[in-house]
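Number of protein chains: 2
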Amino acid sequence: MEPLDFYFDFSSPYGYFAAMRMEALADKYARRVAWHPVLLGAIFKTTGGVPLPMVPLKGDYSYRDFERSARFHGIPYRRPGNFPIATQLPARAMTWIARDFGDYKAVPFAKAVYASYFVDGIDISRPEGIAAACEKVGLRHEAVLEGANSQEIKDMLKAEVDAAVERGVFGSPFVIADGEPFWGFDRFDQLEAFLKNGKI
Amino acid sequence: MEPLDFYFDFSSPYGYFAAMRMEALADKYARRVAWHPVLLGAIFKTTGGVPLPMVPLKGDYSYRDFERSARFHGIPYRRPGNFPIATQLPARAMTWIARDFGDYKAVPFAKAVYASYFVDGIDISRPEGIAAACEKVGLRHEAVLEGANSQEIKDMLKAEVDAAVERGVFGSPFVIADGEPFWGFDRFDQLEAFLKNGKI
Numbered sequence: 001m002e003p004l005d006f007y008f009d010f011s012s013p014y015g016y017f018a019a020m021r022m023e024a025l026a027d028k029y030a031r032r033v034a035w036h037p038v039l040l041g042a043i044f045k046t047t048g049g050v051p052l053p054m055v056p057l058k059g060d061y062s063y064r065d066f067e068r069s070a071r072f073h074g075i076p077y078r079r080p081g082n083f084p085i086a087t088q089l090p091a092r093a094m095t096w097i098a099r100d101f102g103d104y105k106a107v108p109f110a111k112a113v114y115a116s117y118f119v120d121g122i123d124i125s126r127p128e129g130i131a132a133a134c135e136k137v138g139l140r141h142e143a144v145l146e147g148a149n150s151q152e153i154k155d156m157l158k159a160e161v162d163a164a165v166e167r168g169v170f171g172s173p174f175v176i177a178d179g180e181p182f183w184g185f186d187r188f189d190q191l192e193a194f195l196k197n198g199k200i
Numbered sequence: 001m002e003p004l005d006f007y008f009d010f011s012s013p014y015g016y017f018a019a020m021r022m023e024a025l026a027d028k029y030a031r032r033v034a035w036h037p038v039l040l041g042a043i044f045k046t047t048g049g050v051p052l053p054m055v056p057l058k059g060d061y062s063y064r065d066f067e068r069s070a071r072f073h074g075i076p077y078r079r080p081g082n083f084p085i086a087t088q089l090p091a092r093a094m095t096w097i098a099r100d101f102g103d104y105k106a107v108p109f110a111k112a113v114y115a116s117y118f119v120d121g122i123d124i125s126r127p128e129g130i131a132a133a134c135e136k137v138g139l140r141h142e143a144v145l146e147g148a149n150s151q152e153i154k155d156m157l158k159a160e161v162d163a164a165v166e167r168g169v170f171g172s173p174f175v176i177a178d179g180e181p182f183w184g185f186d187r188f189d190q191l192e193a194f195l196k197n198g199k200i
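As you go down the protein sequences, you meet chains A and B in turn.
Residue numbers for the first sequence, in our numbering: 1 to 200.
Residue numbers for the second sequence, in our numbering: 1 to 200.
Bound-form chain A, shown alone (with noise of 0.2 angstroms):
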């Protein structure tokens, strides 16, 4: 069976709270993830979306959603003082060690980061900012850093931005699962229900 392909941008709150859930809920059906990260602002680039933040009214709200929604779903939250941020950088570190550690340590990591931003408000687009994820699964800070900065990683996380797009990922999470897309935390129950029923 194919995997399930799980998109996220590291800015996203909702896409935190799916990467929380994610593999509890690919374990129940025994289904593998294929973690992808992508960079909502480029996918923006095609989609002319706009960060929920800036948008009025909705943006005031959606600060209230996001809150609400950890509270809901027992996830632990704290508004990051700086948001939404460039996620370059965690994004391509990700790549890197996924390339050449595999999942077992790039998972872990990118978990790491998440809660480095969205639990202890860690600037995570600061070369600083994921120290901590890089300890976590026990990589030196330089070496992640010199990886992810090479032109071959940013070639290679710009081709899987490239191929998101492509197969109509315009938003953070998004899953694709045999050949089914569901955009956002919020559709976490139907995707359930078609992990467990083949169909919906």
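Check the hints yourself; a few may be wrong.
Heads up, the list lumps identical chains together, so a pair's fine if it works in one copy or across two of them.
[Unchecked claim] For lysine-lysine, the following BS3-like pairs were computed, each having C-alpha atoms within a straight-line distance of at most 30 angstroms:
1) LYS154 <-> LYS58
2) LYS58 <-> LYS28
3) LYS28 <-> LYS154
4) LYS45 <-> LYS154
5) LYS158 <-> LYS111
6) LYS58 <-> LYS196
7) LYS45 <-> LYS28
8) LYS105 <-> LYS158
9) LYS199 <-> LYS58
10) LYS158 <-> LYS45
11) LYS58 <-> LYS45
12) LYS58 <-> LYS111
13) LYS154 <-> LYS196
14) LYS45 <-> LYS196
15) LYS199 <-> LYS136
16) LYS136 <-> LYS196
17) LYS154 <-> LYS199
18) LYS58 <-> LYS136
19) LYS105 <-> LYS199
Derived from the structure by calculation, the hints contain no laboratory data.
Given chain A, put chain B in place with the hints provided.
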């Protein structure tokens, strides 16, 4: 206790789903509902919002999500041929019916209008498109059209839409319960938790 303020646009599929569930949810917690038809077209002038089908990638996805969400929640739904449409006429008609006959007729009228559009594929933006809904609540079609087109009703609806924007309503459905805003049919789970526990 204040009623639950329920805002919806007659061209909104998620507003339709919410309208099919709103009363049962409110009854469960012994709450009243104040039904507020609004015009997303007018609201989007404030928020810069764009009708879903016009957004690249997201538009295609949204058609799929309408149908899938309807199946998931067990609500009859057929994609209308003409979508989205202007909803001044049904919104004004409901405003007139509510003023002159009360919710006793206005609420069944609203649900019948939604069913005409999202089940029977009738273009409810046209005068003949609301005939079936008028008949359903025992009102003469001609009388409703005349009432709906009066300047007083046009002004009443405009004032309702302005008041909605003033309260932060930016989409459909939108429920405000004791000051707490909930946007989207996919927040009915959080709305229910709030009604049950008095907080969330």
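Hint-by-hint comparison with the structure:
no. : hint              : in the structure
1   : LYS154 <-> LYS58  : between (33 angstroms within a copy, 26 angstroms between copies)
2   : LYS58 <-> LYS28   : between (35 angstroms within a copy, 29 angstroms between copies)
3   : LYS28 <-> LYS154  : neither (34 angstroms within a copy, 54 angstroms between copies)
4   : LYS45 <-> LYS154  : within (18 angstroms within a copy, 39 angstroms between copies)
5   : LYS158 <-> LYS111 : within (21 angstroms within a copy, 48 angstroms between copies)
6   : LYS58 <-> LYS196  : between (34 angstroms within a copy, 25 angstroms between copies)
7   : LYS45 <-> LYS28   : neither (36 angstroms within a copy, 45 angstroms between copies)
8   : LYS105 <-> LYS158 : within (21 angstroms within a copy, 57 angstroms between copies)
9   : LYS199 <-> LYS58  : between (33 angstroms within a copy, 21 angstroms between copies)
10  : LYS158 <-> LYS45  : within (13 angstroms within a copy, 35 angstroms between copies)
11  : LYS58 <-> LYS45   : both (20 angstroms within a copy, 13 angstroms between copies)
12  : LYS58 <-> LYS111  : both (27 angstroms within a copy, 27 angstroms between copies)
13  : LYS154 <-> LYS196 : neither (37 angstroms within a copy, 49 angstroms between copies)
14  : LYS45 <-> LYS196  : neither (35 angstroms within a copy, 42 angstroms between copies)
15  : LYS199 <-> LYS136 : neither (38 angstroms within a copy, 36 angstroms between copies)
16  : LYS136 <-> LYS196 : neither (34 angstroms within a copy, 40 angstroms between copies)
17  : LYS154 <-> LYS199 : neither (37 angstroms within a copy, 45 angstroms between copies)
18  : LYS58 <-> LYS136  : neither (36 angstroms within a copy, 36 angstroms between copies)
19  : LYS105 <-> LYS199 : neither (32 angstroms within a copy, 39 angstroms between copies)
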